[in-house]
Amino acid sequence: MAKALLDKVWDAHTVRTLPSGQTQLFFGLHLIHEVTSPQAFQMLREMGLRVRFPERTFATIDHIVPTASQVRPFRDALAEEMTAHLVSNCKEFGVPLFDLDSGRQGIVHIIGPELGLTQPGMTIACGDSHTSTHGALGALAFGIGTSQVRDVLATQCLGMDKPKLRQIRVVGSLARGVYAKDVILAIIHRLGVKGGVGYAYEYAGSAIQAMSMEERLTICNMSIEGGARVGYVNPDATTFAYLRGRPFAPQGEAFDRAVTWWTSMATDPDATFDDVFHLDAASIEPMVTWGINPGQSVGVGEPIPHPAEAPETDRAAWAEALAFMSFEPGRPIVGTPIDVAFIGSCTNARLSDLRAAAEVARGRKVARGLRALVVPGSQAVAKAAEAEGLHEIFQAAGFDWRKAGCSLCLGMNEDKLTGREICASSSNRNFKGRQGSPTGRTLLMSPTMVAAAAIAGEVTDVREWLR
Amino acid sequence: MPARYLKSVTFEGLERHIFEDDRRHAPDHPFNHPRYHGASILIVGRNFGSGSSREHAPEGLRRWGIRGLVGESFAEIFIGNCIALGLPCLTLAPEDVMWLMEAVARNPEQEIVLDVEHRVVTFGDRTIPARLADAHHHQLVTGTWNATGALLEAGEAIDRVAKRLPYISGY
Chain A
6 MAKALLDKVW DAHTVRTLPS GQTQLFFGLH LIHEVTSPQA FQMLREMGLR
56 VRFPERTFAT IDHIVPTASQ VRPFRDALAE EMTAHLVSNC KEFGVPLFDL
106 DSGRQGIVHI IGPELGLTQP GMTIACGDSH TSTHGALGAL AFGIGTSQVR
156 DVLATQCLGM DKPKLRQIRV VGSLARGVYA KDVILAIIHR LGVKGGVGYA
206 YEYAGSAIQA MSMEERLTIC NMSIEGGARV GYVNPDATTF AYLRGRPFAP
256 QGEAFDRAVT WWTSMATDPD ATFDDVFHLD AASIEPMVTW GINPGQSVGV
306 GEPIPHPAEA PETDRAAWAE ALAFMSFEPG RPIVGTPIDV AFIGSCTNAR
356 LSDLRAAAEV ARGRKVARGL RALVVPGSQA VAKAAEAEGL HEIFQAAGFD
406 WRKAGCSLCL GMNEDKLTGR EICASSSNRN FKGRQGSPTG RTLLMSPTMV
456 AAAAIAGEVT DVREWLR
Chain B
145 MPARYLKSVT FEGLERHIFE DDRRHAPDHP FNHPRYHGAS ILIVGRNFGS
195 GSSREHAPEG LRRWGIRGLV GESFAEIFIG NCIALGLPCL TLAPEDVMWL
245 MEAVARNPEQ EIVLDVEHRV VTFGDRTIPA RLADAHHHQL VTGTWNATGA
295 LLEAGEAIDR VAKRLPYISG Y
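Quick mapping for you: the protein sequence lines, in order, are chains A and B.
Heads up: the first sequence begins at 6 in my numbering, then just goes up one per residue.
Heads up: the second sequence begins at 145 in my numbering, then just goes up one per residue.
Check before you lean on any hint, since a few could be wrong.
Claimed, not checked - Listed below are the simulated DSSO-like cross-link pairs for lysine-lysine, each with C-alpha atoms no more than 27 Å apart in a straight line:
1) B/307 <-> A/13
2) B/151 <-> A/96
3) A/169 <-> A/13
4) A/13 <-> A/199
5) A/421 <-> B/151
6) A/8 <-> A/167
7) A/167 <-> B/307
8) A/8 <-> B/307
9) A/408 <-> B/151
Worth flagging that the hints you see were computed from the coordinates, not collected in a lab.
So here's chain A without its partners, still in its complex pose (with noise of 0.2 Å):
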């Protein structure tokens, strides 16, 4: 019988089924950081148990780690202290650390890619949301809870109940200044913020393989956003070709080797879906959200709309957000004036983001009293930047250039926004109080239009400023 992805995947790991009627399933890479590790390493030692598979598991700091100074001990008592915790249990505990004097530090969902740990037909399971990142690469990545990255440190298992499968067909060209952001943005606009709660999304179609890696690392990110705990996309020879030499990638011949497995794991051509989405690649703008869930977006050329538009469930959540954020319906977003522009976090913190929005800075400057930032998503990736001076194209643009973290995208470190700011971002989540002020308030966007904004000092269609 045709099998897809996750269901070959989900076999391969099976362990049993418990009582419960949940299946066992076996994780084959436990990702972790300092903000949900720390009770679960105590709870663990509460129990008198170990780390069942500590090559398994791996760590690195990334939340709360400020950007602009990393030198220890950090001004922040707290984040100091969840820091040294981290160190000493993995210490404690065998499990290898990517401290900061590493080389490979970096936001864990960028670093798992970029490193090769993240590899195709594997299970992954992290205590963040934005786990289902790591399907990009044919992986099935899930975001855990605390009690449970101690499960899975205590036993490398979980019990799960198994999604439903959707897939999500973008077939067609984007248009110029269309980004892979634009392309999930327009995805949860249409199937909602719970519309994949239950299932899996399987992201297909030429404009989906059309894509580089780091273009689909963006869609699966945000896949949580729309409620469907993984997503994934199958490994084809992008894929392979991005893995190829990296450090924890196998090497020579088992390479090889390693293709023809992951090629096997692949979804089968007659496989069948509980449910098929279509979305024309070339219908989609560039999206800005005007309110407080991933959802509430529009294209960039369309105005604010009024609560009387939406689904009547919908109305009164849209007319809170309105009245949070202050926006009048019916007024174009675009003009919409900024205070903070942020380029960085786990879904559009890699090199090619930071390239795109680089080349719209080039010889442009920030908007006077505007505070700009660009986090690059790990070491490697700024160092990769630095080497190709595009720190120098923000910097001379009168952005701030940073060092790798989790940043402003959700307000646990030294970045925040204070009072009402409003902060054009190229992060994920624009819950209320997300970026650090509870009043704040959040656009989501693409990092070019994070770029243009931070010039134009308001939201404005990047296609007009791009060369």
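We have chain A already, so just place chain B on it with the hints.
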């Protein structure tokens, strides 16, 4: 739970920050209202817990005194975290949630019963059918929501799966 309170190495004290930003801007928020202090059941709307994927949110609720939730729907990771703490999350039809909210507002002293075993919610003389996934039902009723023990029981079967995976055993 505002994300800034996720920065901690223990869960202690999280109960103070439950809905903190909402409460500050809404003085009549139920968590501010003395009449609801000591409440153990939280009645919520749609997609509750969306964006609260960390244990900190259910840990905060539990430490505040919440022992069970009833609502129209729950975010997937949030509900998993609640069950892992032994906090049942029952879902009701939208009109039943509305009715329950209004009934409780009219009569906050009346006891609500979440009958996890029989999947019903009782308020006064009305009993409302509720939904709870079979797996969660089994874990709650048998007291096996702390999953570590059940997973460890698989023993060597775990190693056998690891050994048959080419990316672990070698290509």
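Cross-check of the supplied hints:
1. B/307 <-> A/13: Holds: residue 307 of chain B and residue 13 of chain A sit about 17 Å apart, inside 27 Å.
2. B/151 <-> A/96: Holds, at about 21 Å.
3. A/169 <-> A/13: holds (14 Å)
4. A/13 <-> A/199: Distance ~26 Å between residue 13 of chain A and residue 199 of chain A Cα, so the pair holds.
5. A/421 <-> B/151: holds (14 Å)
6. A/8 <-> A/167: holds (14 Å)
7. A/167 <-> B/307: holds (22 Å)
8. A/8 <-> B/307: With a Cα-Cα distance of about 23 Å, the restraint between residue 8 of chain A and residue 307 of chain B holds, given a limit of 27 Å.
9. A/408 <-> B/151: holds (20 Å)
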